[in-house]
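Colleague: Let the hints inform the model, and build the full structure from the sequences given.
Line by line, the protein sequences give chains W and G. Numbered by the working numbering, the letters in the first sequence go through residues 165 to 427 in order. Numbered by the working numbering, the letters in the second sequence go through residues 43 to 564 in order.
Some clues are possibly wrong.
Said to hold, decoys possible - Partial pick of chain W residues on the chain G-facing surface, computed with a CB cut under 7 Å: (1) A325; (2) L329; (3) G332.
As the list claims (entries may be wrong) - Below 20 Å or equal to it, Euclidean Cα-Cα: the simulated EDC-like pairs (lysine to aspartate or glutamate) are: (4) W/K254 - G/D119; (5) W/K253 - G/D79; (6) G/K292 - G/E308; (7) W/K254 - G/D79; (8) G/K140 - W/E324; (9) W/K255 - G/D80.
The hints are simulated quantities; they were obtained by calculation from the structure and are not laboratory data. Every residue, glycine too, gets a C-beta built ideally from N, C-alpha and C.
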Amino acid sequence: MVKKILSVALCAAVLIFIYAPILLLVVYSFTDATVIGRWEGFSFGLYAQLFRSEEIMRILLNTVVLALAAAALSTVLGTAGAIGIFYSKKKVGAPLKGISQIPIINAEIVTAISLALLFSFVALYRTYFSLIIGHMVLCTPFVVLSVMPKLKQMDPNVYEAALDLGAGPTKALFKVVIPQTFSGILSGFMLSVTLSLDDYIVTAFTKPRTFDTISTYVYNAVKNGTNSSTPALRALSALIFVVMIAAVLVVNLSARKKKEASR
Amino acid sequence: MAELKKAKKPPEAAGALPTVKKDEKIIEMVGVSKVFDDETVAVDNIDLYVRKGEFITFLGPSGCGKTTTLRMIAGFDIPTSGKILLGGRDITDLPPNKRPINTVFQRYALFPHYNIYDNIAFGLKLKKIPVTYVNDKGEQYTKMQKLTRREIDEKVKNALAVVDLEGFEKRSVSTLSGGQQQRVAIARAIVNEPEILLLDEPLGALDLKMRKEMQIELKEMHRKLGITFIYVTHDQEEALTMSDTVVVMKDGQIQQIGTPTSIYNEPANAFVADFIGDSNLFNGTMVGDRTVRFCNRNFKCLDDFEINEKVDVVVRPEDIRMKEAEDGMLKGEVVSVVFKGVHYEITVMVGKTEVVVQSTECRTVGETIGLDILPDGIHIMKKEFTVNKYDGYITKRNTAAFGDGEFACDVTQLYPGSHLDEEGYLITAEGEQIDLTDTDVTVEVGLQNIEITDNAEEGGAQGHIVSIIYKGDHYQVIVRTEENEEDFVLDTEYLWNENDYVGVKIAPEHIRLALKQETKQK
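Modeller: Now the structure itself:
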C-alpha cells in the first residue's frame, strides 16, 4: 500500500515538475498584468489583444507558411534522398547514409553559423532564400531518417513485381514504393513542420531583417526578462500549448482506434 | 469527326516480338553466367532452351543458381556474360517491363496498399494494345490504346475464376490466407496473358496438404492456358510430379536436362542420383561385356562401358528384391526397418556396405536375408573423379606446390634413376645436376590417398568440405580451398560435416609427379 502511494506520488511529482511552468503560463494568460507573477483579476483581455494585434497575426502566418513550405520541400528532398540511398550499391549507400545523418547530431548553432557564412559568401545572406534553405537543412535529415526504415520493411520483390507487370521504374516508384512508404513520408513531414515551427537559432541567423517568426518575435519581446512589452504573447504561448496537446491527443487516439479496428 | 469503326486485334500481336509456334524454342540461354560482386559465381556458363508450351523445372539445392537463372529470364538480373534469346530475339538487356514474361514470386509480393481487384488489374491498366481504325477515306490506321474499364473488369473476373477466388475483388490483401494470396499472385501474373510464366518456388510457404492441391491445380492451369511455365523448386518430388522437363542444377551448372522419367531412371552422375529420390550408390568396375562388379560380386547390367573402367553404380531401393538368405545374389544382415506408410525401408549390411531396400514386405532386425538386383535395376554412370589432377610446380625446398598448398613429395620420380645431393640438387642417372626450383609439373593423387584432418594447420592445404556423397561403404568428400577454389576429392570411411574447415594430408609416396611437356623439351 505504502509502495503504491509512493509510486503515485513520484509520478505526480515528475508531472508537476514538467508541467508547472507551462500551467503557470496558462493561468497567467488570463490576467491583464504586464509582468508575470502579478494577478490583476481574471480577464480574457490578453486573448482579445492577441487577436486584435495585426503584427502578431502576420507573424503567426509567416511562421506557419514558412514551416509548411520548408517541410514540403524537405519531404520531397529527403524522400528522394532516402530512396536514392536505399537503392544504391552498398559501397556508395552506406557512407551516404552516414553523412546524411551528421546534421542531426551537429550542434544547431554550428549549422546556423555556417549557413550564415555560406550565404554571406554568395550574397544571399538574410534573404527568404537563405531562410528556407536553412530550414530545409534542419529538416531533411529527419525525413531521410523516418523514410529509410519503411523502405527497409518493404518486400524487395514488390518493386520487382511492379516492373514485371509492365510498369517502368518511375511508375513503379510512384505506384508502389511511395504508397508503401507513405506513413514514413508523412511522419517525416510532420516532424519537419514541428522542427521548423519552433526553430529559433537557424531562423535568427538566416532570416531577412524585417521578417519574424513567433520564435524570434517572442525572444525579442521578452529579452529583458519577465517584463514583457507585449503581454499578449502569454496568451499566444498558452494557445500554442493547447493546440499541441490537442494535436498529440488526436494522433494518439486515432492510432489506437486504427489498432483496435485492425484486430 | 467521321465515325470510326473499331476492330481490335488480339493482344498476342502486340509489340515487335516474334510469334513462336508450339514446341519451338521460345527461350534460349547461350553461355550465360552471372557473377555477383566480382567473386560469387551464381550461374556458370549455362546453355539451355525452353520449348513453347512446356512445363520446365529448375531443380537443385539452395544456392545452386536456379533462382538467379529465373531472375535473368525475368530481367531482374542482367547476365555477366552470355545471351538470352526470346523467340530468336536477343532480350539480354531488355528491362523486365518490356518482356512478355510474368513472375509469381515466392513470397507473393502482392501490393498491400491495393485491394485484390487493383492488384490483378495493375498490369492491365498499364497495358497498351494496338487498335485498328478505319477513317472516312477508308484507310486503316493503328493506334496504341489502353484497355477500357469494361475489358479490364472482364479479364480480372476471368483470372479470379481461374484461381477459384470469385467475388474476392474488394477484399484487402491482409485478410487473405497464404494459399489465397498465392492464388492472387498467380491471377495477377496470368491476367496479362504472358508468353511465359515464371514461378519461383511458389508453393514453398504453403503447408504440405495445400501444396499438393496447388501442384495439381497449377498443372491443370498449365494445360488450360497453354503457356510456357518455368518453375523453380528444391523439392525433387514436386519437380518430378509436375514437369515435362527437369533441369537439375548444382553450383551454377546444369547437371542434367531430361524428362522426369529419364532423370530418375538414368541419372547422369552421382549427384543427380543422390538428389533425385532415394538411391544406393556403389563404386563399381566394369569386368566384362555389360557386366559390372560391386559389393564383391559381378552383376549383369544394360549399360555398355569399357572393361576395367571405374564407374558409379546406382540402384534404386525399390529395384532390390528380398530373397531367402541362400537364394540371393547378395547376402546381408538387416540392421534397421522403418515403416514409411506405403512401404518399409529396410537397411541391410552386405559386408561393409550399406544397402537400402524399399519393400511392402517386412523383415526383422538381425535377420540374414538375400538380395537380388536385376539388370534393368542397375544404372551405371561414368565416374566423375577417379583421380585428382593439378598443375603445380616444385619449390626451393623440393616440395610440390599445387591445389593452393605445399606438400612433401619425392621429386626423384621426375627423372628415372635420379637422386638428390646434399644441397638439394637433383642428380640424374646420367650424372647431370639439375635445379628443380619452379619446374612446372602435373600432379596426380588418388581418391583413396588423401586424408583430411580436423587440425587444419597439419595439412599441406586447407579448405572447407563442400560436398559429401554416401557411396555405400564410404563417403566421397570434396574439400575446396579458399584462395583458388581448388578441389580435393577423396574417399573416406568417416562421416564429416559439410562446411568443416579441414587440413588435407597426402603421403609423399602417393603424389605422382610428371614434368610438363614443354619443360621436358628444354
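Colleague: It remains to establish, for every hint, whether it holds in the given structure.
Modeller: Going through the hints against the structure:
At its closest, the beta carbon of W/A325 sits 4 Å from a beta carbon of chain G; the interface hint therefore holds under the 7 Å criterion. The beta carbon of W/L329 comes within 4 Å of a beta carbon in chain G, closer than 7 Å, and the hint placing it at the interface holds. Taking 7 Å as the C-beta contact cut-off toward chain G, the hint placing W/G332 at the interface holds, the least distance being around 6 Å. Among the hinted pairs, W/K254 with G/D119 is consistent with the structure: their alpha-carbon atoms are about 17 Å apart, no more than 20 Å.
This hinted pair checks out: W/K253 and G/D79 have alpha carbons roughly 10 Å apart, not beyond 20 Å. At most 20 Å may separate the alpha-carbon atoms for a hinted pair to count; G/K292 and G/E308 meet this at roughly 17 Å. Between W/K254 and G/D79, the direct Cα distance comes to roughly 11 Å. Compliance with the 20 Å bound is thereby established for this hinted pair. Note on G/K140 and W/E324: the hinted pairing holds, with a Cα-Cα distance of about 13 Å set against a maximum of 20 Å.
Distance hint between W/K255 and G/D80 is fulfilled; the C-alpha atoms sit about 13 Å from each other, no more than 20 Å.
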